[in-house]
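For the protein sequence lines, the chains are A and B, in the order given. Per UniProt numbering, residue 1 is the first one in the first sequence, and the count goes up by one each step. Per UniProt numbering, residue 1 is the first one in the second sequence, and the count goes up by one each step.
It should be emphasised that the hints constitute simulated quantities derived from the structure, not laboratory data. Since the model is a prediction, treat every value here as computed from it, not as a measurement. Accuracy of the hints is not assured; some may be wrong.
Taking lysine-lysine pairs in the BS3-like style, the calculated list, with each CA pair at most 30 Å apart, reads [to be verified]:
1. A:K188 <-> B:K216
2. A:K248 <-> A:K216
3. B:K188 <-> A:K188
4. B:K228 <-> B:K248
5. A:K59 <-> A:K225
6. B:K188 <-> A:K216
7. A:K228 <-> A:K188
8. B:K59 <-> B:K225
In silico negatives: residues of chain A with every beta carbon more than 12 Å from chain B [as the list claims (entries may be wrong)]:
9. T47
10. V183
11. Q241
Even glycine gets a Cβ: it sits at the ideal position worked out from N, Cα and C.
2 protein chains.
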Amino acid sequence: EIELLLLYLLLAFVTLATTDSYCMGATVVARSLRRHGTTRHIVVMITPNISEQSRLALKNVFDDVIVVDVMDSEDSLHLSLLGRPELGITFTKIHCWTLTQYSKCVFLDADTLVLCNVDELFERDELSAAPDPGWPDCFNSGVFVFRPSLHTHTRLLDHARHHGSFDGGDQGLLNSFFSGWSVEDISKHLPFIYNLSVSSVYSYLPAFQQFGHGAKIIHFLGGDKPWKSQGNGSGSRTMEQFVSLWWKEYLIHTTPSAPAAQPKQEQKKPQQQVWEGGAAQLTMVQPALELNVRKKIYLTACMYHHIDMIYLKDCDRKPLWKPGWGQQTGVLLLLPHRKLDTNESLLCILKPKHRSM
Amino acid sequence: EIELLLLYLLLAFVTLATTDSYCMGATVVARSLRRHGTTRHIVVMITPNISEQSRLALKNVFDDVIVVDVMDSEDSLHLSLLGRPELGITFTKIHCWTLTQYSKCVFLDADTLVLCNVDELFERDELSAAPDPGWPDCFNSGVFVFRPSLHTHTRLLDHARHHGSFDGGDQGLLNSFFSGWSVEDISKHLPFIYNLSVSSVYSYLPAFQQFGHGAKIIHFLGGDKPWKSQGNGSGSRTMEQFVSLWWKEYLIHTTPSAPAAQPKQEQKKPQQQVWEGGAAQLTMVQPALELNVRKKIYLTACMYHHIDMIYLKDCDRKPLWKPGWGQQTGVLLLLPHRKLDTNESLLCILKPKHRSM
Chain A
1 EIELLLLYLL LAFVTLATTD SYCMGATVVA RSLRRHGTTR HIVVMITPNI SEQSRLALKN
61 VFDDVIVVDV MDSEDSLHLS LLGRPELGIT FTKIHCWTLT QYSKCVFLDA DTLVLCNVDE
121 LFERDELSAA PDPGWPDCFN SGVFVFRPSL HTHTRLLDHA RHHGSFDGGD QGLLNSFFSG
181 WSVEDISKHL PFIYNLSVSS VYSYLPAFQQ FGHGAKIIHF LGGDKPWKSQ GNGSGSRTME
241 QFVSLWWKEY LIHTTPSAPA AQPKQEQKKP QQQVWEGGAA QLTMVQPALE LNVRKKIYLT
301 ACMYHHIDMI YLKDCDRKPL WKPGWGQQTG VLLLLPHRKL DTNESLLCIL KPKHRSM
Chain B
1 EIELLLLYLL LAFVTLATTD SYCMGATVVA RSLRRHGTTR HIVVMITPNI SEQSRLALKN
61 VFDDVIVVDV MDSEDSLHLS LLGRPELGIT FTKIHCWTLT QYSKCVFLDA DTLVLCNVDE
121 LFERDELSAA PDPGWPDCFN SGVFVFRPSL HTHTRLLDHA RHHGSFDGGD QGLLNSFFSG
181 WSVEDISKHL PFIYNLSVSS VYSYLPAFQQ FGHGAKIIHF LGGDKPWKSQ GNGSGSRTME
241 QFVSLWWKEY LIHTTPSAPA AQPKQEQKKP QQQVWEGGAA QLTMVQPALE LNVRKKIYLT
301 ACMYHHIDMI YLKDCDRKPL WKPGWGQQTG VLLLLPHRKL DTNESLLCIL KPKHRSM
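Work the whole structure out from these sequences, hints included.
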């Protein structure tokens with residue numbers, strides 16, 4: 001007999017704010033995601049310098065606000081990295097790989113604006129990203145799909161320590177770490193409309209006119225951030241429209257009369273889900289669903305349409321099942337591991353090994 | 001008993017010159033290809049306005065100079081297209097699909113400069129091209145791999161007639177015709193170093209410093225063509241170096257003392273190849289090898305390292321064998337059709353069905 005812990009693995013959008021200005025951007029990222037009906041968690045990583053006021057504002061729109069500090073003494077590598085202070089901001093973003101309470105995440109830079117529901121991004125695998133217009137065999141690291149993993153995080157830090165970053169930022173590091181992106185797997189090439197840099201409006205105008213209407217995420221790449229202007233005619237008409245959209249998203253809930261916590265409550269999907277097992281009735285608890293039974297079981301009827309993988313772990317959190325094990329263990333019956341289509345449900349069978357029902 | 005015609009299918013680089021200035025560019029394309037030891041044919045398409053002097057110069061460096069005229073009365077579609085005069089230049093380039101004397105080609109714009117041997121491009125299939133930095137889900141049509149086909153040519157003209165070109169040029173037309181390029185097959189994404197636009201030197205300098213040393217084909221995209229300047233310091237140092245390289249390539253054989261035909265003779269590989277058959281000794285004749293026998297045969301020992309496919313046709317030029325037929329016809333024994341690696345030989349067995357040797 002063994003004890004089982006069934007972990008429900010969450011999906012999340014993640015962004016990062018390293019200054020109070022970028023907190024404005026992060027707020028717009030979250031609001032634009034919610035307004036377009038995302039059902040995923042929305043998380044912001046902040047650095048310790050962020051003011052208390054900004055943190056409170058972020059807590060109103062994000063499911064989780066996580067303070068990250070690359071100089072934290074728990075970072076076993078930080079001493080050896082002290083010689084490379086210019087990589088500090090890089091490591092801050094790379095910290096997203098430590099968010100292992102989530103199984104898969106989509107990172108969005110705080111200078112992006114989401115124009116429609118983009119939950120289908122979670123169908124992609126690590127590392128999926130759109131090409132960078134500056135050098136299109138590199139991906140732009142403003143929007144990417146990744147799988148949190150402490151192992152990957154350590155390898156990224158190690159890579160940074162040994163090779164640095166060819167552009168001094170996270171994009172150079174991530175491109176040299178995930179160096180096969182441009183040649184290996186077309187499914188990891190996000191369409192450019194998922195990370196449409198505003199500069200591309202000018203660089204190939206006919207293409208923008210042809211494909212720009214399908215834009216899903218706008219990236220205010222470069223020095224002209226929307227929070228620095230009020231859309232007062234400094235750029236092109238198209239650029240002004242995007243800046244205006246950004247401000248609309250920012251101001252819509254920032255009026256003094258609106259209760260601070262209301263937008264989050266209104267827009268979030270109910271998180272309660274019932275999981276049924278042959279041996280137990282299970283209610284989903286965020287961030288993990290825990291099931292303790294004192295005998296071997298099969299899974300029978302846990303259904304949740306956002307799940308993309310199920311791990312079963314024993315009380316010491318050691319995995320009992322991995323993709324591909326199938327029925328060979330004699331313990332668990334699970335569907336073959338594969339990517340789920342949008343809106344598709346995952347049905348797992350949870351039942352006692354010796355059925356009594 | 002049947003008659004067989006064995007066609008030897010050629011590979012070629014193709015460029016296009018529509019003005020006498022672009023003839024200078026086309027000359028550099030051919031010379032840079034030859035200097036880096038290409039073993040493929042090099043072909044230029046020219047429009048009727050090109051001067052006699054330029055044509056003579058082109059004949060010294062190209063294997064074939066082909067005059068194309070979109071207004072030619074043989075173009076059955078031209079009447080219906082007269083209403084779209086802006087597409088004229090587009091159709092001129094699209095004419096490359098009519099070069100069916102070649103089985104596969106690599107198109108190079110006349111404003112490109114080849115920096116090393118790029119014969120491995122023929123391992124790719126239609127339509128392979130590198131991303132355009134302006135809108136990286138579009139390919140840049142300055143360098144692309146294609147398979148000449150009158151059927152494709154007709155479909156391209158038809159597409160142009162019905163949908164036009166979103167940028168008024170060949171790039172818009174080709175991108176909407178080969179619209180799956182960005183999402184379907186990573187092997188059709190040529191690395192950016194095969195079509196490195198000079199503007200990318202500035203747009204993401206760290207990436208250029210990291211990857212630019214591997215550049216294979218430089219593309220002088222935009223208005224500043226190298227033949228318009230003498231590398232006199234108008235651009236960046238890197239740009240000047242590329243312009244200077246271009247002029248070196250252009251001037252090296254354009255001195256009055258050099259006999260006009262010499263470079264071509266010196267640099268071209270001998271084209272004679274002996275093909276052996278169980279029933280016949282065959283000598284390769286450009287552009288096609290003809291074998292007439294009056295009984296059924298197998299292929300036995302035709303070997304040529306540039307071939308990428310063999311068709312057998314009867315006297316009416318109808319194909320007797322197609323990839324995948326294998327031995328099922330009872331007539332021909334051929335190797336399974338597959339792509340050849342660079343420098344790899346294709347061995348075909350040519351022998352009588354009832355061997356007497």
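Holds or violated: B:K188 to A:K188, with C-alpha atoms at most 30 Å apart: holds (15 Å)
Pair hint A:K248 and A:K216, alpha-carbon separation not exceeding 30 Å: Given pair A:K248, A:K216 holds - Cα atoms ~17 Å apart, limit 30 Å.
Holds or violated: B:K228 to B:K248, with C-alpha atoms at most 30 Å apart: holds (14 Å)
B:K59 paired with B:K225 [C-alpha distance capped at 30 Å]: Holds: B:K59 and B:K225 sit about 23 Å apart, inside 30 Å.
Closest CB of chain B to the CB of A:T47 still more than 12 Å away: holds (24 Å)
Restraint status (C-alpha distance of A:K188 to B:K216 at most 30 Å): holds (25 Å)
30 Å limit on alpha-carbon distance, applied to hinted pair B:K188 and A:K216: Satisfied, since the Cα-Cα distance of roughly 25 Å is no more than 30 Å.
Restraint check for A:K59 with A:K225, where alpha carbons must lie at most 30 Å apart: At roughly 23 Å apart (the allowed maximum being 30 Å), A:K225 and A:K59 satisfy the hint.
Given as non-interface: A:V183, partner chain B, CB spacing beyond 12 Å: violated (6 Å)
12 Å Cβ clearance of A:Q241 from chain B: The claim holds: A:Q241 sits with its nearest Cβ about 18 Å from chain B, beyond 12 Å.
Pair hint outcome, A:K228 versus A:K188 [Cα-Cα no greater than 30 Å]: Roughly 33 Å between the alpha carbons, so the hint for A:K228 and A:K188 is violated.
The earlier numbered hints that this structure contradicts are 7, 10.
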